[in-house]
Each structure stands twice: as C-alpha cells, then as structure tokens.
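Need the complex rebuilt from these two chains, each delivered in its own frame; the hints are there to steer you.
These protein sequence lines map, in sequence, to chains H and W. Counting in my numbering, the first sequence tops out at residue 404, every number present. Counting in my numbering, the second sequence tops out at residue 248, every number present.
For the record, the hints were derived by calculation from the structure and aren't laboratory data. Here a beta-carbon is modelled for each residue, glycine too, at the ideal position from N, C-alpha and C. Warning: the hint list may mix true and false statements.
Unchecked claim - Covered stretches of chain W, going by a simulated chain H footprint (3 or more residues, C-beta under 8 Å):
1) 49 to 63
2) 149 to 159
Said to hold, decoys possible - On the chain W side, residues computed to face chain H include the following (Cβ under 10 Å):
3) V75
4) V77
5) V78
6) K90
7) S91
8) R96
9) G105
Stated by the list, open to error - BS3-like mimics (lysine-lysine), calculated; alpha carbons at most 25 Å apart, straight line:
10) K79(W) x K178(H)
11) K293(H) x K114(W)
12) K293(H) x K4(W)
13) K79(W) x K4(W)
14) K79(W) x K293(H)
15) K90(W) x K293(H)
Given next are the chains, with one letter for each unit.
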Amino acid sequence: MFNPETLIRKGLPKGHFKDVAVRSLLGGLTYLVVIIAALLFGKIIIDGAPVLFKAEAPFVDFNFLTAKNETLHVFDDATGKRHQLPASAYNDYLLKHEGATIYNEQTYSYSGGGILGPIVGTALLTIGSMVLALFFGISAAIYLSEYAKQSPFIHAVRLAILNLAGIPSIVFGLFGFSVFVLAVPIITVTPSDRSLLTIPIFIGNAVISFQGWNSSLMAGCATLACMILPVIITASEESLRAVPQGFRDASLAMGATRWQTIRKCVLPFSLPGILTSSLLAITRVAGETAPIMFTAAVAAKDDLPWQGLKNPFEILSSQVQALPYHIYTLAAKIPSSEYTQRAQYGSVFVFLVLVAMLSLGSMILRAKLRAKLKW
Amino acid sequence: MPETLNQSLTRQDEDTSVAVKNLDFSYGSSPALKDINLEIPANEVTAFIGPSGCGKSTLLRCINRMNDEIPVARITRGGIHIGGIDIYDSSVDVVKLRREVGMVFQKSNPFPRSIYENVAYGLRTQGQRNKAIIDQAVEESLRAAALWDEVKDRLQESALGLSGGQQQRLCIARTIAVKPRVVLMDEPCSALDPIATAKVEELIWDLKNDYTFVIVTHNMQQASRVSDKTAFFYMGELIEFSETSKMFTNPRLKRTEDYISGRFG
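Chain W with its partners taken away, still in its complex shape (with noise of 0.2 Å):
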C-alpha cells in the first residue's frame, strides 16, 4: 500500500523509471492512445518521436496528470507507475505528484513577473518562506540551466525581456527549482534557433544524472543527439522501443525507419 507518493520518491536511493502499463486513453469518445507498455528508465533521457497527433504529447501529459485539466480526456484501461507506484491511485495527491514530475511546455511560458520571481515561484508555492533558501535555489537552477551568467545582473527585471531561447531555459530552471524527480518536455525547441537548441540539449546532457528526462521532439537529429533511449509512436500506438543508438542505425521495423529517414510523417 503506498503511504504517500512524495515520502517514497523523495529518497535518493529511489527508483524513478516510469513504466506504462496497458495504458487506454481517450478524449471522450475517440481514442488517443492504445494499449502502451512502455518502461522509461530512471536518469536517463528518453525521446518521444512520431507524427503530430499520434498520441505522445498525450502520453507525456499523462505522466504528471496534466490531462485532469481536459474535462473529456480520461485513461481507459491500464495505468502508470512511477516507482512502483500507481499515480493514478485514488490515494496518490496530485499537487505533490506535480512536485515530483515537472514539465516545460512546447511554448516558452514565463510570468510576466522578475526573472527571480519565476524561479522562485515553485518554492514560494510549496510554503518556502527564507530568503537565504530561495536566493541559493534561485542561483543553483539559473545555473543548472545554464542561465545565470547571462541573467544575474538583471534578476529583478521581468522574464518576458528575455529572448525566446533564454526564456525557454527560464521555464526549464524554474520547473528544476523544485527539484522534481522527473522532467517531462514537450518540444522544448520547437521555437528556438539552432543556438538556444544546443544550449538546451547540453543542458538535458549535463542533468540527466540527477533526472528522469522524457523528451517529445519533431527533430530527429535532437532525439538522435540527446536521448538514450526513443520510442517511436504512430496513430496512439507505440510501435517501437529500444536504445536510440539502435533505433537510429538499425530500427526492427520499416515504419520506423521510413519515418526516422523522413520518408513519411
């Protein structure tokens, strides 16, 4: 019986792979996802890769339960287990699930407050009340996301001056300040030059040891570059799994390499 969600993933020694078990889903009627069995690994980067609307954007909202916010959306069958623990449990609190498994959106969506106040922001929610504590939080995930020299000066001017790359690593510091155990990403560049790209590539890079990063992409060389491992989804099924070294070289399935070589999708 799980206690409570936070108490079992906040140990260091935890696992944190996620796994997906027969896992249904639908938006009201029509079906968005079939039959997945997916294990994601603990600290180590896994790519979402598939055409638009084949259901992995879908996924990765399933695995912090952002999908509750979507009045029709509900899994059907099947489940998700993060550390050996059903996040779909009735006993299982949301808001601290949240705190466990953070998520960056497609599109970079800062406050429009200081640059300090949206690095804070998770702190501040979880009842973080001292300075000293939030200002060396502030600092350490500016710098985990590879920002701090480029902001310091100017940390109480408002996030929206920032470029669009700076401002998706922003989000990317402020979801890390809270020190989730997971950090799910939904296209993270999907806006971003080829410069902020690399920057936020070499960030998953450098923190993948400390997180369980899941990355949807569209950019086959991101996945190819980042990812340990990928799964490859078609039409809300997941149609192949394995090491992205493998998958990228060798895939098991035609489809899949039609799609990884561009020839459809």
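Isolated chain H (complex conformation) (with noise of 0.2 Å):
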C-alpha cells in the first residue's frame, strides 16, 4: 500500500555531500578556464590598448596602423632629455642637431614606427589563401559530397582529408618549403641554377623550370591554402550535405541535369554556411606562423609589397610582413625592454581585435544567414 508520507524528506539526502562536492569540482574547473581566459585577454589589453588608444579626440592612434615599421632608437641629448624615436625621424633629428652629441644610444629593431607592413601582409596572405582553398575546397567538397559513389576509395579519401587536417602547422611550413619554394615548376627563359629539371617548350628560349617560387607571397598562400584546405572540405561538404535531398529529388525529376541542380539547388543554399564556416577558418590562416616563416615572411621590408613593381603580377613574387612573424620576432630576437613593450603588446593588440573582429563577423553573419534561409 502506497504510504506518502515516505515522500517527506527526514534530515539530508544520502548522498548529499558527495553531490555537493561533485559539482563544486566540475564547476570550479570550469571557471578556472575563464580566470584564464581574463587574465590573458586582461594583460593584453591593459599593456596593448594604450598604444592604440589615447585619452583625446580622435581617441585611436592611427599612427601605430599606418605607419611603417622602423628600428627604434633610444638616446640622451645633452640636457639628459631621454628621447624614443624611429630610424627616420632620427635621422631627421640628427641633420636639424647637426653636431649635437648624443648619449646613452641604444636601438631596438622592428620596435619603432607602426606595424602597417605586417597589417597589409597579413591581409594579402590571407585574402591570397582563401581564394585558393575556397576554389579548391568547395570543388573537392562538391565532388565528394554530389558526384562521389559511396566506395572503399572514396571513404580512404575522406580519411585522409581528416588526417590532413590533424598535421602540425610547422610541418605545412616545411611542406611548402621544400614544394612552393624550391620545386613547382615555373617558366622562365632564365632557369636557376638550382633548378630542379628543366624542359624546354620550344617558345623563344622558354623553358619549364622546377625551380620553385622562392619566398614569396604566392608560395606563402599556396601553403596556407594546403594548410586550411581539409577544414573547408569538410565544412563545405556538411553544407552541401545540409541541403534537403528534396531540392535535388524534385531539380532532377524537371529534368534539370547534374550540374544544373548542384548550380541552382545544392548551392546556393549551402553556400552560406560555407561561407560562415570559412571565416572561422580566416582567423587559422591569419593567425599562422609556422606555415609562413619559411615560404612568405620576412621580419623588416621597407617598402610595401606593391611598391617598387615593375607590374602589378610581381606582387605575387614578392615577399611580405606578417602579423604573426612580427610577434614572433619581436617576442623572440629582441631584447625586452620598456622600449620595446609598446611593439609587442600593441602588435599582440591590434591582432587580437582583427581576430575578435572576423570571429564576431561571422556569428553575425550565421545568426542573419540562418533567419533567412529556412526550410
């Protein structure tokens, strides 16, 4: 016979204090995770903003964006004033004082002027890689996901499209080093002399010549794109995948072929989704060090990579700062000094909010994407 009076509870549950003491572990690791997360977004913003912020109208220093980067010269003048300036308002400061002595010369490389080199290589190198690996990636997404039979091959294919993307970046460096750098072919009618193999295509004295592409923002791309291509195949061949069967069901029974449905149904409404999937795979291509330091980067270069080109393709050819280099280098091959903090965190600043800004870009992009397209 049902007795309610067993439902009253009498003193504390069994097992309380083992509950109790479960979900105050699993939620104290939990915020550890996000003290964490403070404190390093917390430092980085505290050290950095400052060199990006400033307390009077127009509140950002765009001096830091648009400015070239320099070595930093440290000095005395006579009066004992301590002055920090870059390589060419010192000089400018060494012709107006001419014969002024100077004390106490110290320099730092890369650590004065802004960091617009590595900005603008940043985006070339990002912008070159994503075309590549879009192209790439959504033709192989598409063959896998639309054309490809179920088979052992194809099911091997997409295995090793998922190890590929297990590989450590630094691994792509060398990959593309040792493919990009020194071996694809190129032609040329003044082969190197370390070219690999060269055959001749009887045009001029034209000859095809495995010699590679050198440091160069193609092959640092090139890499890139080798690097963030599993992530787009598999993100793009979920989109399509995504697709209702229904859409292409009813396109082919209209008679429409293969190709005309992949165009007008499977498409366009997984497009979005590749899309939004491939500006998280942005934040990768543009935060990668490893990839680039052998194939693209250079620590200083004077001029931009579109300045001093005999034509707009030699862009391609030539090499470029970089975001992540820079921090590299300043982190690792510079003295850290007070001098020097204003580079390094302003740099790890500014990459920061270009991160936060493309990841907020595509929540939003999702969020907006989703509402509208519905079935």
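Okay, structure coming up:
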C-alpha cells in the first residue's frame, strides 16, 4: 500500500555531500578556464590598448596602424632628456641638431614606427590563401558530396582529408618550403642554377623550370591554403549535405542536369554555411606563423608589397611582413625592455582585435543567414 | 532503333503508355520487385496500392529513373518501355526522359525561392530565356494546379510562406510547367488535410486528359476516387491489376479484398 509519508524528507538525503562536492569541483574547473581567459585578455588589453588608444580625440592612434615598421632609437640629448625615435625621425633629429652629442644610445630593431607592413602582409596572405582554399575546397566538397559514389576508396579519401587537418602547421611550413619555394615549375627564360629539372617548350628560349617560387606571397598563400584545405572541405561538405535531398530530387525530376541541380538548387543554399565556416578558417590562416616563416614572411621590409614593382603581378613573388611573424620576431629576437613593450603589446593587441572582429563578423553573418534561409 | 526519346515522345499523337516488362529490381542483394508485368494506359490515372514496403514507390521511381540516384539500386531483369522505347537503353538521355516523365514527391519540397521562380525553374533549366513565354507558362501551370487565384498577387513571395496543401499544389504546378507526358505522384496527399486532398484529386481529374498519371497512395478511398486502373502490390509482387471499379467492387483475389477492406496491411 502506498504511504505518502515516505515522500517527506527527514534530514539530509543520502549522498548529499558527494553531490555538492562533484558540483563544486566541476564548477570550479569551469570557472578556472574563464579566469585563465580573463587573465590572458586582461593582460594584453591593459598593456596593449594604451598603444592604440589615447585620451584626446580622435582617441585612436592611427599612426601605429598606418606607419611603417622601423628600428627604434633611444638616446639622451645633452640636457639629459630621453628621446625614443623611429629611424627616420632619428635621422631628421641628427640633421636638425648637427654636431649635437647624444648619450646612452640604444637601438631596438623592428620596435619603432607602426605596423602597417605586417597588417597589409597578413591581409594579402589571408585573401590569397582563402581564394585558393575556397576554390579547391568547394570543388572537392562538391565532388565528394554530389558525385562520388560511396566506396572504400572514397572513404579512404575522406579519411586522408581528415588526417590532413591534424598535421602540425610547422610540417605544412616545411612542406611548403620544399615544394612551393624550391620545386614547383615556372616558365622562364633564365632557369636558376638550383633548378631540379628544365624542360624546353620551344617558344623562344623559354623553359619549364622546376625551381620553385622562392619565398614569396604566392608560396605563402599556397602553403596556408594547403593547411586550411581540410577544414574548408569538411565544412563545405557538411553544408552541402545539409541541403535537403528533396531539392535535388525535385530538380532532377524536372529534367535538370546534375550540374544544373548543383548550381541552382544545392550550392546557393549551402553557400551561407560554407562562407560562415570559412570565416572561422580565416582567423586560423591569419594567425599561423609556422607555415609562412619559411615560405613568405620577412622580419623587416622597407616597402609595402606593391611598391617598386614593374608590373602588378610581381606582388605575388614579393615577400611580405605578417602580423604573427612580426609578433614572433618581436618576442623572440629583441631583448625585452620598457622601450619595446609598445611594439610588442601593441601588435598583439591589434592582432587580437582583428581576429575578434572576424569571429564576431562570422557569428553575426551566420545568425543573419540562418534567420533568412530556413526550410 | 530509337532516335531520341524526346523526339518520339513529344509527338502529340504518340502513345505515352508505360509498359513494365518482367521487371526484377533490387537494392544491393535484397530484391524489391519481382517479375512485374504491367501496362499503364495513356491519359488515364493508374493507382498503385499496397502495404508499406511492398515496392510500389520503388516501381514508381523506376519509371523516370530516379532510382539511378541510389547507388546500390539496380534493375536485374526486364525493363520499362514508354511509347515503345526502352527507357533503360544506353541511348536514352535520362535528362530528357525526366522532362517527359515528371514526378511529385510525398513530402512537398518547394525550393526556398519565390513562387514564380519555383514554377519557372524547369523551363529555365531547359534554357528558356524569353520572359513572356515563362510568364505564360507560370500562369498556365498555376491555373492548372488550381493555385493561381490564391497566389497571383504574391508570385514574388517565398514559396515557403504557403500552406502545406498549397505547397504540394505548387510542386504539381512546377512539375507540369515543363509539359511532361507522364506524371508520377508518390503519395502526394499523405501530409495534407481532407480539403487540400480534395483539391489535389480534383486537379488530377481535370488534367488527366493531357497526362498519364501514376499515383502511389495509402488511401483506399483516394485510389477509388481518382484512378481508372489500380494495381495492388504485396511483398514486391504485383498481385492484381484491373479496372478500379472492378477491383474495389469485385476483386479477383482474396488477398486484394482483405487489403482493400482493411483486414490487413
């Protein structure tokens, strides 16, 4: 017989303390992660924000974003006043005060001026590699999702693509160096001495020479594209599969060809998904150091990539500065002091803001497109 | 020797009957249809009935080769002839075949585009660029599907804003916009309420002079209302095929009678 009295609790239930302990432990670990993130962001924002922002209007120090990167000169003048000047301003100072003696001079490479070069280089690398990765990635995803029949071979291909995503980025860097920098074929009339193989093509003196693209923007873009390709393929394939089969069936049943079906009934509806996941891939491309350090990036460059070129295509074979590599150089190659902090924390802060903006953009875009595209 | 399927089928006087001959069909190693022989007459409505999994939808999808999309599915023996042409012959262009043999699916599947674009889709894929022709075809198809009066003021709005019944009629309009000879319908009313169902049935009745209809249905009343002929399938076999009036009043076999009267299935 049911006795309602048994439902009434007497004292603390069995296992109460265990329950509380487990809950506190799990909660504590979760908040620990939040604390770590807060400390990391807090440190960068506290030290980096003053570089970019200032108290008076227009509140943003555009000079740091728009000036070229230079060596920083620190010295005392005869009156004992301490100066911190980037190389160009330092030279002006010397010209203006000809014959003046300066004391305690120290120089810090890459720490003066702004970071326009690295920002521009990162933008070019990101755009170039995303264009390449999207073209190859979406093509491969369409093939895998729409054309390929399920077979052990296709299964193996998928597995290979997934494995590619797990390869450390430094390996991609070395791969890019040995393939894109040293080995890919180019058409030239003056093959390099280290060319692996030359094949005459009988148009003038031109030959196909397997000598690579040198360390250049295009070698860097190709390397970064290889690195991000598995992510793009996987994300694109998922977006393509998310399009209801009914659309394909309806289109085919109306006498559309397979390619028409893909172009009009599958791709348009999966493109928002592909693009939003690709925006997340952008943050990874923009942030990687290892793939570009042997293939595209230089620590110092006086000109912007498009300056001093004979034709616009030469930009592809020019080396660039890049934000992550710049940060690496500042952190690893320059002795840290009160004078280098501005460049170091400023660069990291700007980089963080850029990445945060991209992530935020992708989240907003995703929310908007999801609201618009429903079936 | 067939020239192209398109040429022979677009002739108005051409026989658009569908003949299924000794058809065996299997998914991988499991047979789905066994030795089906069936003559579907032109410009009539033929209903396929039978319990779930009896192969009626499979046979329907064989008629416009939609089963080609399923990797393991294949015909193991026999074939299907439309207007005397073997549609599984290697010389048949499956794209052209599907323009002549349209299909309406169980789940209404309008594209998330405007009503107008949904109906214009088939014509556009065939390369029709002339806006006047497309406009006219859209209106005619929507009228034929008894949808024109309900949507004529909002052709540019999303098709997803329509009710379930309207969406299914839009799918029918979209299918007949490319002027097929044969229209296959796979349980077109299974998700519709009785009023929307009545509208779809009425439209099948109105259109049957111009099209050969094959309709798969689980609804016995529907089969008896709309069809001229009925085929009863069970376990991948064609059990009985005759005039609908005859089958529903005086079925030849006990099993057919049991199914129709709801005693099993």
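Results of checking the hints against the structure:
no. : hint              : verdict
1   : 49 to 63          : holds (count 3)
2   : 149 to 159        : holds (count 3)
3   : V75               : 13 Å, violated
4   : V77               : 9 Å, holds
5   : V78               : 5 Å, holds
6   : K90               : 6 Å, holds
7   : S91               : 8 Å, holds
8   : R96               : 9 Å, holds
9   : G105              : 4 Å, holds
10  : K79(W) x K178(H)  : 23 Å, holds
11  : K293(H) x K114(W) : 18 Å, holds
12  : K293(H) x K4(W)   : 36 Å, violated
13  : K79(W) x K4(W)    : 22 Å, holds
14  : K79(W) x K293(H)  : 18 Å, holds
15  : K90(W) x K293(H)  : 20 Å, holds
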